[in-house]
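K.L.:
The two chains are supplied separately, each in an independent frame; assemble them into the complex guided by the hints.
Residue numbers (this note's numbering), protein chains in the order written: chain A, 80 to 434; chain B, 35 to 490.
These are calculated hints, taken from the structure and not from any lab test. Beta carbons are placed, not taken as given, at the ideal position from N, Cα and C, and that holds for glycine. A few of these clues could be false.
Here are the simulated DSSO-like cross-link-like pairs (lysine-lysine), alpha carbons at most 27 Å apart as the crow flies [said to hold, decoys possible]:
hint, chain 1, residue 1, chain 2, residue 2
1, A, K186, A, K354
2, A, K197, A, K186
3, A, K192, B, K311
4, B, K311, A, K197
5, B, K379, B, K213
6, A, K174, A, K197
7, B, K213, B, K311
8, B, K379, A, K186
Derived CB-CB ranges, DEER-like [claimed, not checked]:
hint, chain 1, residue 1, chain 2, residue 2, range
9, B, K453, A, A361, 48 to 54 Å
10, B, G470, A, L257, 46 to 52 Å
11, B, L360, A, R384, 58 to 64 Å
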Amino acid sequence: MVAATEAAPGRFSQSKSHTNPRSNHESSAAAYAPGSLLAVEHLSVADVAEILAGATRLEQMAAAERAQVLADRTVALLFYESSTRTRTSFELAAKSLGVTTTLVSDKSSSIEKGESLKDTGLTLRALGAEAIVLRHPASGAPFLLARMTGLPVLNAGDGMHQHPSQALLDVRTMLIRLGLGADAVIDEKTLDGVTVVIVGDIRHSRVARSNALMLPRLGARVVLCGPPELLPEEALGLNAYLNANAGASPAIEIERDFDAALRGATVVMMLRIQKERLEGAALDLAEYVERYQLHEARLAALAPRALVMHPGPIIRGLEITGEVADGPQSAIEQQVAQGLAVRRAVLARALGVRG
Amino acid sequence: MVGTEIIWQLPIFLVDMGMSELLIHGGRVIDPEQGVDAARDVLLRDGRVAAVETPGVLASLANSLPNSLQIDATGCVVAPGLIDIHVHLREPGQTHKETIATGTAAAAAGGFTTVVAMPNTTPVNDSVESLRWMLATERHALVHLLAMPAATVGSNGCEITDFDALVRAGAVGFTDDGKPVLEDDVMRAALMAAAALDVPVSQHAEDTRLTGGCSMNLGTVAFRLGLRGMPAEAEARIVERDLRLLREIEQADHVRPHLHVQHVSTELALRAIRAAKKAGLYVTCEAAPHHFTLTDEAIGDYDTNAKMNPPLRAEEDRRAVVDALLDGTVDCIATDHAPHASHEKEVEFDRAPNGITGLETALGLALRVLHRENGMPLGQVLRLMSARPAEVLRLRGRGDLRVGSHADVVVFDAGEEWKFAVTGSRSKSRNSPFDGAAMLGRVRATVCAGRVVYRG
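Same shape as in the complex, but just chain B (with noise of 0.2 Å):
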């Protein structure tokens, strides 16, 4: 009886499953969501925020609690967990170059605690069965692992998926990334499944008709390199298109449908994205941190971690997608964290494989590129990375720390300069651009469902 006694002393919190309480405290929140950026302690319990409070109002908790369970965030800054809703995870089928555990762990050092998986893995995910494989507790997910399975039989174009037994078993969404749903007809039937289902069909924006044989963005950089060059009109064709046809639906079947435009990269894509907001067409996009740092000049001496698709492209597009980051255009940012195995990308540029990882410069990245070279408040960029992908794909009690949302927070040290070093990367792969390139921002702690998955 004397346990029982004991027991009974300990803080009700510990009887219930061990680790379930954790207070982050010393920290200034940002909670752009809430409109929060102040000093206060954050308390999360059995997986939800708990409480978010002034400093000294859980100073008694504090006290009681082990350091074990605290973090120490002074200097820091405590906000949500950052989602980012286009990986690419390679599992199953292309394990030698991530596996999810590996590209969850590297969303983890990257402050993620919400990652959206890509269904072209080997086999295309494109059934309730092979989503329910990915999403298994067995593939070790250190964080929240999401999914977007193929809009079409094998992302083949032609015939759309089961949308309804796939939102049943959790799918978020619906995309051929890697490549567009070309023909107009199979889009408008999954952007018209889609709406039903209240999801997005998210599209890979590539006119493919117009990029055959190319390997970068066209212009002045391909032609001196010698390599054939996309055009930004591959891009805005297949956005014009597509917002075409969500004019069309809404005018004639009076349903409303979701698209969302992937990794928007030129100018003419994002004026297009634009006027479409403006007439008030439901349509969201992303841009990836690459687009907004680099330019096709960095692929240098045909450096193949250069190499993506959409391409890196010239100063004036580079330039767009930062204004139409700052302008609210954009809606979220999201990484296309896409990895290879280095023998895979140590080939003749025009036959290296496209992407490149971007878990874990993302948010050095923002800081540096948006929040200190372009002056955006860092709530702006913190929304850009939680709440609005959140809202972007509906997940409700994420992106935000209200009491009762999910126990996902990021902890930074938002005035670190450091360099990243693809050698010290969570990531299988090392195909970053980045390797020694200036970061802004360092992540301290990763929290995810309330357990740190992450100190740096």
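Only chain A is shown next, with the shape it has when bound in the complex (with noise of 0.2 Å):
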């Protein structure tokens, strides 16, 4: 039970939310430890700021004197779900940052023999950990382990919910990509003039619903794109939920055109189709490929300028042709490589160290 009565200054969650009175518990960043990531709302502008100065900071530090920034300090990596790119970057993050990690995962673990989260969580805190890298299966699971512990939790990807450090990796790629220099000044009109479209599997992508609460407040105009089956119309709520938490005018807009949306896209980030939390629900694949699929021929057609963005894992040949991925275009590979940039800066803060 969170009952946070003030909000930290500058939290997107401080604002008008609390006086709904049919609700009785708002999303307050403060009733968590300092340094959670456990959502992007909870991220104020000037916070995304100082994350991505910090990432920019330890980035050009020498490789001696980052590897004392954190050094003796203990951070548990809880995997409850696969990962490939998110575990090992956050690994090799903490790693570069002097942290001696430990990794528990549900295959290998008294998970396996029931153990809840809060157990698992109270038992690594008692062995020395100080903030929690999780990736879950359920949507919400990183505020509950954040609630139970009390310690900094980051989350890395929590059922179709989130996965905030992605949202910020994304941002670097593109401020390096699209011109404006990894140091760029961070604020509203950052992403002015810039339009990223999301496409495809958007109902069950914490990926998109990340970078759609977050882009928005960084002056992007944000085009989902998908068929009804893989995006709801429910998405267009995140613009009240934005505008009524963070004062954002609705930026955030279905076109269900693909070509279409290809036309104005600044940036393209294109999402696998999530075959695992489709649940019987009817997709024609040949279809979907024929409407969806970002190849070569429409690529140059509509957007031969644009970004290619993917958060990985690709399916070749699906959402995305290896000839795109591989491409000039494609910014695919450096944005995995900025992920380690962003998780050594979430990675500081959340142990109160400025990076």
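P.N.:
Spelled out as structure tokens, the structure:
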């Protein structure tokens, strides 16, 4: 139960939402340990600026100096779901800062014996973990872990909910590739004039949610694109949420026609179809490929200068062709590399150290 | 012989088994069934209402009765004891969540004098033997305990239970609550069997074929939280199916089954029920305080104490429930009191069990939301919590303060504002989304069968 009465200064969640009498509980960053990264709306624009500046500072440091930043600190990586990029980059980011890490996965721990998330978290805390990085198939699990342990928790992807560090690394990738520079001033206008088209399985995508709730607050226009089975109209409700909580004007739109969406795209972010979460929903893959696959001809004709992004894992030949993924407009590998930089900064922030 | 003389000088009621008389004086009696809303003193005797009189009439009695047999209700409303036709008391089988004793103690604290236990215990209450066990005095119910046994054996939805024998053993209706009776043929058989016995079939209206893997209401909040949502259609579809069965049975079999729809939460289902009532079908329904008070926004940061089934809905649906309570489409308020242990709720949202406690917050929320915020007259609020639920289940002598009715009374301060704290709950569980929430109206005393079962 969360009953924060005061929100920290500059937090996204401090504003009007408390006036809703039909709701007892409001998303409030102040209810959690400082340095937690549970959802992007807990970050103010100033927080985003600080994290990105930290990423740059840590990147520019000599390796030996960097290895002292969090020397002798302990972080647990708790993974209930498979992961390549996120797990590896959190682990490498932590190690590069001198952190002692321990990796616990559901496949090789007492979780298999039925230990609850709460008890697993309390155990890790008792063993000295000062922060926990959590990947979990249940939406909201990081909130539970943060409440139960009182530790800073970094959400490394929770179900269909969010993947905040992905949104941060996507912003940094855009800054670099759009020519604004990694050290660009971050404010409400940084991405003015930028249209980000997010395409595909938005219903099941935590990456889409984190980006949709982050990018408009930096000035970008977000166009969501996909068939109704993968992109319900309810997605537009994010506008009201952004407006009520951050005063952001409605910046999220739905465009079902991929070609139309592509014409105005500065960035096109492709998403994998999450077959493991479809749960019997019928989807004609051939038709999907026909309408929504990003291939060379489509890209060359409609968005020859757009930046192509993808959070991975990529299914080549389905949502994107190999040629586009490996082509000159693609920033996919760069996104992965930025993951390392951004995760260093959020780890330092979690442990109360200015990167 | 001296002793005998003394006894003869005492008023006759004291000779007759000690605690058999209770005088509630100085209060404002609201008995909507009799159109009473006035200063009255109420005399209870031998478990029944003996007299309801204007102040002064019972003065001589007041002088002779010891203080322990009087309740000073000055400044308070005195009303028929509240009736909740939908509670989960978890006994047998899940007594770590609640027992009949603790659940009925919570009921008494909430002003309830009669509760109806749902059958989803372990094992399921689907036999005369289990029903008798549940209703036995050894369970130590603090208020009147009634029960609705399962409509189908094991609540498995296949074969209906022995309605006839169960009604003779005290069943007041039948339900598979927690799950719907999905199969048309089974529901038809249940409605027919219940009609012959003049009891309702109480349906948990959820087309579970549309709600697999869902843990909250379908809508913008579910989308944002990344949770799968139950569509309103899942509730409406079963309601519409059941109403179709009622029509078919009335036409073909010339009997008039009574369908009671539990915890209606959507505008869509309420619209169907309103139309069916207009068309003359025998359908009643209940609404839960959380559905007229909260929306799915209350889930906040995945608060499992805001998870129940049917789920908290959107504001339009909440509004529709309030409107349906105001216009009489909803027949009664029922809490769906559903206790769970904290370790069961301290889990991932989609893994947490459904349900919240509700007995101690129902009156405070009804008065705040319906009376104060939506202008419902106090008498109408009380009818929805006493006379109307009694009517739904044909409970004679309950829900009013007629002379001869059960001596079940609630005394409450209708103007007191307070905040509910789960730590003070009589329930064995603490799973309420209303911890710290504003309440209007505080129970001062609950009297059941002439005995004071709660003092606040």
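K.L.:
Hints first: check each against the structure and report whether it holds.
P.N.:
Tested hints:
1. For the hint linking K186 of chain A to K354 of chain A, the alpha-carbon distance of about 21 Å falls within 27 Å, and the restraint holds.
2. The suggested pairing of K197 of chain A with K186 of chain A holds, with an alpha-carbon distance near 17 Å, which does not exceed 27 Å.
3. Between K192 of chain A and K311 of chain B the CA atoms are separated by roughly 53 Å; this puts the pair beyond 27 Å, and the hint is violated.
4. For the hint pairing K311 of chain B with K197 of chain A, the CA-to-CA distance comes to about 49 Å; that exceeds 27 Å, so the pair is violated.
5. The suggested pairing of K379 of chain B with K213 of chain B holds, with an alpha-carbon distance near 20 Å, which does not exceed 27 Å.
6. This hinted pair checks out: K174 of chain A and K197 of chain A have alpha carbons roughly 26 Å apart, not beyond 27 Å.
7. With a CA separation close to 24 Å, the supplied pair K213 of chain B and K311 of chain B stays within the 27 Å bound.
8. Taking the CA atoms of K379 of chain B and K186 of chain A, the gap is near 24 Å; set against the 27 Å cutoff, the hint holds.
9. Distance hint for K453 of chain B and A361 of chain A: a CB-CB separation of about 49 Å, consistent with the stated range 48 to 54 Å.
10. Between G470 of chain B and L257 of chain A the beta carbon distance is about 47 Å. The supplied range of 46 to 52 Å therefore holds.
11. Checked against the given bound of 58 to 64 Å, the beta carbons of L360 of chain B and R384 of chain A, roughly 59 Å apart, stay inside it.
When the structure is compared with the earlier hints, violations turn up for hints 3, 4 and for no others.
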